[in-house]
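Please model the entire structure based on the sequences and the hints provided.
Listed below, chain by chain, are the residues.
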Amino acid sequence: NAGVTQTPKFRILKIGQSMTLQCTQDMNHNYMYWYRQDPGMGLKLIYYSVGAGITDKGEVPNGYNVSRSTTEDFPLRLELAAPSQTSVYFCASSTGTGETGELFFGEGSRLTVL
Amino acid sequence: QQQVKQSPQSLIVQKGGISIINCAYENTAFDYFPWYQQFPGKGPALLIAIRPDVSEKKEGRFTISFNKSAKQFSLHIMDSQPGDSATYFCAASIRPGRGSTLGRLYFGRGTQLTVWP
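Chains as they are written, first to last, in my numbering: chain Z, 1 to 114; chain Y, 115 to 231.
Source of the hints: derived by calculation from the structure; they are not laboratory data. Every residue, glycine too, gets a C-beta built ideally from N, C-alpha and C. Don't take every hint at face value.
[As the list claims (entries may be wrong)] Which chain Z residues face chain Y? A few, computed with CB under 8 Å, are given here: (1) A82; (2) G101; (3) F105; (4) G108.
Structure (structure tokens):
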């Protein structure tokens, strides 16, 4: 069972470059999320989606864009990379309903902007 | 503004000891309090969760204690083992229910637990 798959696992960008972090899930979950994790700061929500074609901003959306054309995929786009975007990015999914609302996370993508 | 405050930032415990991590919140609308466990190089995974209508929930060696009046909750790890060494995050949200949308999860800043053998 693959669960939530993120690519790439590591990436180094130069300031001003653009890139897309890929996320796909095979659990048929409607809800998908992008978080960033910085040391000692916990997990901050960047964007989330409640279903194909629907996205919304989280706590720290500036500098990022997302799209959700299918249930399975939720890519995160960085248009003009800045050093402040150096972080570990986690994609997650959930059913969005039910008793637990458990989030299933991918293994993360470590991004360094130099 | 940090919606959920977590302490300590790091914790060192001897094997067999009790690990205690504390969290506090202000928003009284929160009614779902999960704990996530994260091993190095991995994503967080749900460990245990509680709703505010109970004061304690136990699953194996892991127990959540909840104090609604104080707006505090804590994770207790009994008989701590080296394999428990990980980062633990508390979180809070409005609990999803059947047919309702999932509330956003607000995470604490995390506690790095090290259990010495």
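Chain Y contact restraint on G101(Z) - CB to CB distance below 8 Å: Since the shortest Cβ distance to chain Y is 4 Å, the answer is holds.
Interface hint for F105(Z), Cβ within 8 Å of any Cβ on chain Y: Cβ of F105(Z) sits 3 Å from chain Y, so the hint holds.
Hint status (Cβ of G108(Z) to nearest Cβ of chain Y, threshold 8 Å): holds (6 Å)
Satisfaction of the A82(Z) interface hint, Cβ to chain Y closer than 8 Å: violated (23 Å)
Going through the hint list in order, the structure does not satisfy hint 1, though it satisfies all others.
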